[in-house]
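Here the protein sequences come in this chain order: C and E. full-length UniProt numbering applies: residue 1 is where the first sequence begins, and numbers increase by one. full-length UniProt numbering applies: residue 1 is where the second sequence begins, and numbers increase by one.
Misleading hints may appear alongside valid ones.
No copy is singled out in the list; a pair is fine if it fits within one copy or between any two copies.
[Unchecked claim] Derived pair list, reagent style DMTMM-like, types lysine to aspartate or glutamate, alpha-carbon separation capped at 25 Å:
| id | residue 1 | residue 2 |
| --- | --- | --- |
| 1 | 586 | 607 |
| 2 | 357 | 698 |
| 3 | 586 | 319 |
| 4 | 358 | 698 |
| 5 | 494 | 565 |
| 6 | 586 | 98 |
| 7 | 430 | 571 |
| 8 | 101 | 698 |
| 9 | 515 | 67 |
| 10 | 357 | 634 |
| 11 | 101 | 585 |
| 12 | 586 | 103 |
| 13 | 101 | 588 |
| 14 | 494 | 77 |
| 15 | 494 | 607 |
| 16 | 494 | 210 |
| 17 | 586 | 183 |
| 18 | 494 | 670 |
| 19 | 430 | 183 |
| 20 | 101 | 67 |
For the record, the hints were derived by calculation from the structure and aren't laboratory data. Model, not experiment: these values are computed from the prediction.
Number of protein chains: 2
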Amino acid sequence: MQWTKVLGLGLGAAAFLGLGIILGHFAIPKEASVSAPQDLDLQILETVMGQLSASRIRDNLRELSRDPHLATSPRDEDLVQLLLQRWRDPESGLDSAEASKYEVLLSFPSQEQPNLVHVVGPTGDIIYSCRQTEENLTGEQGGPDVVQPYAAYAPPGTPQAVNAAKHGVAGVLVYTDPADINDGLSSPSETFPNSWYLPPSGVERGSYYEYFGDPLTPYLPAIPSSFRLDLANVSGFPPIPTQPIGFQDARDLLCNLSGTLAPTTWQGALGCSYRLGPGFRPDGGFPADSQVNVSVHNRLELRNSSNVLGIIRGAVEPDRYVLYGNHRDSWVHGAVDPSSGTAVLLELSRVLGTLLKKGTWRPRRSIVFASWGAEEFGLIGSTEFTEEFFNKLQERTVTYINVDISVFANATLRVQGTPPVQSVVFSATKEIRSPGPGDLSIYDNWIRYFNRSSPVYGLVPSLGSLGAGSDYAPFIHFLGISSMDLAYTYDRSKTSARIYPTYHTAFDTFDYVDKFLDPGFSSHQAVAQTAGSVILRLSDSFFLPLNVSDYSETLRSFLQAAQQELEALLEQHSISLGPLVTAVEKFDAEAAALVERISTLQKGSPDPLQVRMLNDQLMLLERTFLNPRAFPEERYYSHVLWAPRTGSVATFPGLSNACSRARDTAPGSEAWAEVQRQISIVVMALEGAAATLRPVADL
Amino acid sequence: MQWTKVLGLGLGAAAFLGLGIILGHFAIPKEASVSAPQDLDLQILETVMGQLSASRIRDNLRELSRDPHLATSPRDEDLVQLLLQRWRDPESGLDSAEASKYEVLLSFPSQEQPNLVHVVGPTGDIIYSCRQTEENLTGEQGGPDVVQPYAAYAPPGTPQAVNAAKHGVAGVLVYTDPADINDGLSSPSETFPNSWYLPPSGVERGSYYEYFGDPLTPYLPAIPSSFRLDLANVSGFPPIPTQPIGFQDARDLLCNLSGTLAPTTWQGALGCSYRLGPGFRPDGGFPADSQVNVSVHNRLELRNSSNVLGIIRGAVEPDRYVLYGNHRDSWVHGAVDPSSGTAVLLELSRVLGTLLKKGTWRPRRSIVFASWGAEEFGLIGSTEFTEEFFNKLQERTVTYINVDISVFANATLRVQGTPPVQSVVFSATKEIRSPGPGDLSIYDNWIRYFNRSSPVYGLVPSLGSLGAGSDYAPFIHFLGISSMDLAYTYDRSKTSARIYPTYHTAFDTFDYVDKFLDPGFSSHQAVAQTAGSVILRLSDSFFLPLNVSDYSETLRSFLQAAQQELEALLEQHSISLGPLVTAVEKFDAEAAALVERISTLQKGSPDPLQVRMLNDQLMLLERTFLNPRAFPEERYYSHVLWAPRTGSVATFPGLSNACSRARDTAPGSEAWAEVQRQISIVVMALEGAAATLRPVADL
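Start from the sequences, fold in the hints, and give me the full structure.
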């Protein structure tokens, strides 16, 4: 999710300047009671939509973002208590709520020895210092609870780099360029608190860990007794000291560099030509022999991080879970990330909880609300949860709904998800009024910003695919549970900001949201209504509103890309796409036939076991795409359709990646064997999926 | 399952004589109609028990074992048609039956160049030849369909060994000693056709492949399009030419060896002292400079092997499968292995099919009958099936019941299985009369031969655990499906034969069974009744008759072994068993509480969805013990309680094996870390199992 420019400290051959990727993120809330309707009750749905209150979401957000609540900090634990109190409220709480802790490895800057970035003159004296903290512009950027900007999991060290040094990079400085985050603007008068743009001293914090989950306990829940890797055996941490700085400081360093002009695409909005070094230019602000000294004193610490789970017990099928999650931890106040999601979560759970406690309503299936801990460090709370309850969740979870940041901006809904969730989101959003001028539904507004031409449906809003930007990652990639991520976001014609500008800084505060992002909180309300409607549809509908045949378009498009861009190459290596074509056709036919059977049954009065059996087919379809042996080098990724794709061809990721590696190898190489293996893995998954969709007594 | 003495051909430092292990094996059949009772119908059960006919089983066996039916041979394919015809019979067939083929790598001797074993004199002349075929004692050991004795997957080669040669072993000769197979008897008058013992020329065939499943397609179904390993990358084949011979020929070679006396435990019943070589003794039957020459011409071939599946569709829960399997392929006529099982399979399917076609009965759940192909080569048909339908089978299969060899001998029932199946086998066998004198139930007869003192139940028959001897292996180890294997077997006070003596030879014929193993076929009938009752109970009972709390005894016993034999050692390395103790206690409590809830519900009239939810907990418990990352070096094995144990301590296999490897390493070694990891894996599995057994709305 997160793109920043990286300023490298050359200790050798060449100074280093480029684009770096940092883990980025997202978050929501919700509630439920005692009568069990046969099917989705439209009156209950209308009641819930009407009761979700923008001003209560605003009140929630003010409380949640009052103080910084970094993962495992005292305020983070206070919020655990706040959630428990809300979810145990006798008037508006859930059936039960519990907090549980995992002992996980986090990374913090030292309070005694702050991380420092200096320019040191030829005689060793400090001639320039980068800011250690952000400027206190609103009274909220000071105080001991505002964590110093840092790169979590970057190792400690004090590299000092002569820009002209010959070999290797000894340290990395990271900053966010105004061109990428501020539509080019950079002066104090143009930035927060005068606009939504990032002030010059703002620094983006983030985790620099390559994987997700607790670094010491891959594939094991981080309970105290679990086996932990020796630190020497941990992979995925940055190799060298790294420190983020603001663009104000970055300008002073970067605009004084000498050397070759950096490529055009690397140029930014700091008001100078960016050069690659080595060394400072002789006519600049620093003596030519100056060096940059970086001191990183980050410390790894085992900490107890809490998840909070709140449950509404299903009246009819309590063993089917609609899971709704949002992380709780922030870098600083985190009004947007993640408290905009948590504010929605609490309002949803209040409205549903009130109906539950009044005895007006109880869903058919169970609804589970989750507040994850330590997401900012690498989706840690959610990942540990999926490791602890792997089998149970895989067998019983209907869908995972994630709302991390609920409102990036107030232009339109944005949905990422696997194809089966498209239909329920469409149904929900067609019935909700969009905030803003006009009388559009959320659906009709959405289609104006994100759309595609579907061979089946014509013009429809387009869903994005799920990467690893938030807590949905372990659910979709590791457990194979149909998932979605909901948020309100930008009008791209009005800003090119990579993300909302104060992301992960001490300027992501309540006033920022209240004044700039969503005055009136109508976008928050829209997300709450969308999520609420989706939850009710998934938990109350007699037949699960997951359209499995919507996977066909994805498969067709992957297949077409393979045929157009790879088939000729594959034929040279005697590799046929024929079995893949057959498998896709078989999937299509079985999915369409299942949808048809459900449609026929819906006209009659099917008995509950018949419905359960069909619903199990719908729920478990996504599981058939998992293969834990497909990508042995990728931790947790086992969904053969959504694993990370590094190859350029937009087809099945295993095939794309394997072809990209095999391309330049000799016929008969291991790399070409892997291409063949990857095709077989997809064929097996699709044939297995088709088998799962067939009438159940046909093997 | 199979133990033979191995006669080594020393080409080097020392001649080689020892005990070799060969893969061994087992097999049954069954049927089903249109009214759906709420619960197990005792009258139907009685009808089925009464209709299972010993004489029809005998007729089946005569037909099945009339000709050799080696995997993929024309007669093997004829039997596929026979099964399809029976299962499609309008009067006594099933709802549907289909055959499907996998393209798998098998190994056969060459018909043009038979495998040979000679003794060659100092001048190169052949002075002695081992038999190429077994002696034609009953008119059934001749003809082109009797495959020459061979060691499947042993590589071709023609090693010639000077016993005094200095380095390495160039080839291996394998034979079965009369001490191990014939209670010491070896003369023609004492052996078949004059008794059940192996004739001197009898040779045990077998597969020498180390893993199971098709060697070229691990983890992928062997459909034609699947990726196949390059032969150079296949592991698990024997490294050197290997050939089995009869004990008649083995005596001529072994009794002429010179050298040191072999250890006492290596001595056998060939009537001489076994020596280790090197070389023949000067005063023996061969000149002292003679060499043994072995020519192996086995060829690897891709062949189409068929599985046959017959289905009785469940009336209420067609998506729950009771799966019953038996392999079809034999080494020669295979009257015992596997046709004694197939004869039972066909009788069971006839009786159930007749009730089905008459409209008298249709089970609540689906019953699937399977006839597996190429089991003798390494459980190939069943393994490929589990690879092709992994997810579907895992999600839906209640239990896998295997009957390979149905009758080893006629003394008693013998059951191998996971703890949850104990209760259903006990219930079934208490109600069936045992064959033989007296008026005992099968249960009461069984307890006389195999018993143990259970802390919960007192004296009960003891079940063995499931290794990899037959087609249950992929179901329990790879898919985590509760499984059992049923057979009638020996009175160990009457014979010490490792297995029935004509196992895998051309003497395993119909007359052998009819005259010696089970005259009257009452033991076959007893197995058919036991299997039939178990199938009906599993497919018709409202609540699944799987007692999950019976796992507690296993866990307690594993835990106790760890505490008694490992705890002191573990404490020296600061490794605590505490978390394991807690996890076992948690499992016990949750399992007992679930059994109690079911018992309470059984007194009322629970609704079908409530029952379904509880049954899902019972069915899926076994799945929670799978961890595909627990034993990365073991192909297919992922059940953390039943993986192969090489350590001597009878505890959790991963813990036992890891401790055995760590014992002699330094504190802090990787091997000790693995011990800790293995404990965490078991703790996670047990905590996950307990979570699955909890009331479903509790996470």
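Hint by hint, here is what the structure shows:
Proximity of residue 586 and residue 607 under a CA criterion of 25 Å is satisfied in neither setting, with 29 Å inside one chain copy and 36 Å between copies. Taking the shortest alpha-carbon separations for residue 357 and residue 698, only the inter-copy value of 19 Å comes in at or below 25 Å, while the best intra-copy value is 44 Å. In this assembly of identical chains, residue 586 and residue 319 lie within 25 Å of each other by CA distance solely across copies; the values are 20 Å between and 31 Å within a copy. Taking the shortest alpha-carbon separations for residue 358 and residue 698, only the inter-copy value of 22 Å comes in at or below 25 Å, while the best intra-copy value is 46 Å.
Within a single copy, residue 494 and residue 565 get their C-alpha atoms no closer than 35 Å, and across copies no closer than 71 Å, so neither meets the 25 Å cut-off. Taking the shortest Cα distances, residue 586 and residue 98 sit within 25 Å of each other only across copies (18 Å), while inside one copy they are farther apart (45 Å). Taking CA atoms no more than 25 Å apart as the test, residue 430 paired with residue 571 passes in neither setting, with 46 Å inside one copy and 63 Å between copies. With identical chains, the CA atoms of residue 101 and residue 698 are at most 25 Å apart between copies only, with a shortest distance of 17 Å across copies and 45 Å within one.
Taking identical chains as interchangeable, the C-alpha atoms of residue 515 and residue 67 lie at most 25 Å apart only when both belong to the same chain, with a minimum of 18 Å there against 88 Å between chains. Taking the shortest Cα distances, residue 357 and residue 634 never come within 25 Å of each other, neither inside one copy (45 Å) nor across copies (52 Å). In the homo-oligomer, the alpha carbons of residue 101 and residue 585 lie at most 25 Å apart only across protomers (21 Å), although the nearest pairing inside one protomer, at 47 Å, exceeds that limit. Only between protomers do residue 586 and residue 103 lie at most 25 Å apart by alpha-carbon distance; the minimum there is 21 Å, versus 46 Å within a single protomer.
In the homo-oligomer, the alpha carbons of residue 101 and residue 588 lie at most 25 Å apart only across protomers (24 Å), although the nearest pairing inside one protomer, at 44 Å, exceeds that limit. Taking the closest pair of Cα atoms, residue 494 and residue 77 never come within 25 Å of each other, the shortest separation being 39 Å inside a single copy and 71 Å across copies. For the homomeric pair residue 494 and residue 607, neither the shortest alpha-carbon distance inside one copy (53 Å) nor that between copies (58 Å) is at most 25 Å. Taking the shortest Cα distances, residue 494 and residue 210 never come within 25 Å of each other, neither inside one copy (33 Å) nor across copies (65 Å).
When the C-alpha separation of residue 586 and residue 183 is checked against a cutoff of 25 Å, the pair qualifies neither within a copy, at 49 Å, nor between copies, at 57 Å. Proximity of residue 494 to residue 670 under the C-alpha cut-off of 25 Å is found in neither arrangement, the shortest distances being 49 Å within a copy and 56 Å between copies. Within a single copy, residue 430 and residue 183 get their C-alpha atoms no closer than 33 Å, and across copies no closer than 81 Å, so neither meets the 25 Å cut-off. Taking identical chains as interchangeable, the C-alpha atoms of residue 101 and residue 67 lie at most 25 Å apart only when both belong to the same chain, with a minimum of 22 Å there against 66 Å between chains.
In this structure, the earlier hints numbered 1, 5, 7, 10, 14, 15, 16, 17, 18, 19 are contradicted, and the remaining ones agree with it.
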